[in-house]
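J.: For the sequence shown, position 216 matches number 216 in the UniProt record's numbering, and the numbering has no gaps at all.
The reader is advised that the hints may include incorrect statements.
Said to hold, decoys possible - In silico lysine-lysine, DSS-like type, Cα no more than 27 Å apart, as pairs: (1) 182 to 96; (2) 96 to 161; (3) 182 to 161; (4) 115 to 161; (5) 385 to 319; (6) 55 to 186; (7) 168 to 186; (8) 55 to 96; (9) 55 to 182; (10) 161 to 109; (11) 385 to 313; (12) 126 to 168; (13) 377 to 319; (14) 96 to 186; (15) 115 to 126; (16) 115 to 96.
Hints were generated in silico from the structure; no laboratory data involved. Being a predicted model, the structure only gives us computed values, none of them experimental.
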Amino acid sequence: MKEAQMTIPHLFRCPISLDLFSDPVTLSTGQTYDRSSIEKWFAFGNLTCPVTMQKLHDPSLVPNHNLRHLIEQWRQMCHHFHPEYSTTIDPLLHLKRNIESPHSTLQDKLQTLEKIPVLMDETPSKTPFLLQIGFLSLFSQLLFGKLDPEFDGKYADFEEKLLSCILKLVPFGEFQCLNMLKEESKLESFLVLFENGSGMMKQSLCRLVGAISSSPETRELCAMIGRNHRFLQGIDHLIQQNFEISEAGIEAISALCCLESNRENLVREGLINGLITYILNTETKERSSAGTAMATLEQIVGSERSGKEALIKDPRGVKAVVKMVFRVSDHGGSESALNSLIMVCYESLEAREKAIDAGVLTQLLLLLQSQCSCRIKSKARTLLKLLRSKWDEEQ
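Between the sequences and the hints, there should be enough to build the whole structure, so can you do that?
T.: Pasting the structure below:
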């Protein structure tokens with residue numbers, strides 16, 4: 001079937017010429033035009049976006065590679081057209097237009113956003129089309145692109161649903177899109193949302209940090225977030241003051257530790273204290289991320305001398321680690337606790353004295369009598385021998 005015999009999807013037409021795009025480019029407003037058409041528009045002295053009529057402070061043209069790729073696929077389908085292609089792509093384009101359109105009400109956009117996760121769950125085969133059409137880029141731009149620094153809570157539901165959709169799409173490999181947060185204004189929007197958003201927003205942003213930390217494509221962004229004072233202080237407050245959502249904060253700190261430079265920053269910003277507080281506060285909680293917190297503490301102590309010093313210096317530091325050696329409920333964190341104690345007790349008399357005062361000998365004996373793994377029991381014996389040999393040397 002020839003192109004002329006097929007209905008050209010609306011998104012594939014330039015809003016100026018109404019013809020099929022040949023070289024789609026996107027303005028700072030998020031609207032896409034054919035390069036030749038928008039250049040003619042500018043040549044006539046127009047400094048606005050033709051669709052939104054917004055004044056353009058930045059007239060740069062960014063190639064829309066996703067749309068170009070999708071058009072190429074569509075053109076190939078012209079020669080061996082499958083009816084399902086049109087029935088798949090057209091509804092998705094309609095959803096995208098609803099979200100993009102300045103004429104759609106906030107309620108319309110909310111309803112459209114609610115359909116995206118459902119669509120992905122019920123019809124996973126449509127997810128690649130969502131990415132190719134540029135939904136992830138659109139959602140990211142809407143969430144971080146134009147946020148008022150004063151933070152207007154009336155858009156909170158919309159912003160939370162945008163972030164939920166972003167988290168749903170990111171695992172499918174479009175991490176590069178998140179690098180927009182390296183721009184100062186967009187990182188500021190991220191921080192404003194984290195500082196002023198709801199508990200759900202904070203949890204979701206922590207999960208986004210986890211996603212950023214997991215990909216080599218966003219390694220530089222991970223480092224930027226890991227040295228941001230406001231974010232690290234916000235995370236510290238989160239894990240110390242709000243146990244209901246602190247697990248997400250622990251997961252974010254753990255994710256940031258993938259970079260050694262971030263571990264240095266965590267120590268400098270006092271996050272050791274936050275991890276210790278969280279571990280101590282989990283004593284009466286049935287479910288927690290204490291094991292993850294302990295593993296993160298081990299990672300920091302193992303790579304940073306300042307981390308060891310901060311742990312020993314904190315009046316509750318060694319006590320918190322000793323507490324994790326043996327827990328009746330589970331052995332999650334036991335190995336990390338043993339490793340951390342071996343590292344600090346080997347070098348520090350103060351650490352050894354604090355460990356013994358905190359009851360480490362009893363904890364070790366209970367652990368050796370439990371059903372833990374042989375490897376954990378071996379480490380427990382190593383720590384016992386270390387404490388005994390160091391005590392003998394000091395006599």
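J.: The structure should be examined with respect to each hint, and the outcome stated for every one.
T.: Here's how the hints hold up against the structure:
1. 182 to 96: Holds - the C-alpha atoms of residue 96 and residue 182 are around 25 Å apart, at most 27 Å.
2. 96 to 161: holds, 15 Å
3. 182 to 161: Given that 27 Å is the threshold and the Cα spacing comes to 22 Å, the pair holds.
4. 115 to 161: holds, 10 Å
5. 385 to 319: holds, 20 Å
6. 55 to 186: Holds, at roughly 20 Å.
7. 168 to 186: holds, 20 Å
8. 55 to 96: OK: residue 55 and residue 96 at ~23 Å, within 27 Å.
9. 55 to 182: holds, 24 Å
10. 161 to 109: holds, 10 Å
11. 385 to 313: Answer holds: residue 385 to residue 313 is near 24 Å, not above 27 Å.
12. 126 to 168: With a Cα-Cα distance of about 13 Å, the restraint between residue 126 and residue 168 holds, given a limit of 27 Å.
13. 377 to 319: OK: residue 377 and residue 319 at ~20 Å, within 27 Å.
14. 96 to 186: holds, 22 Å
15. 115 to 126: holds, 13 Å
16. 115 to 96: holds, 11 Å
In terms of the numbered hints stated before, the structure departs from none.
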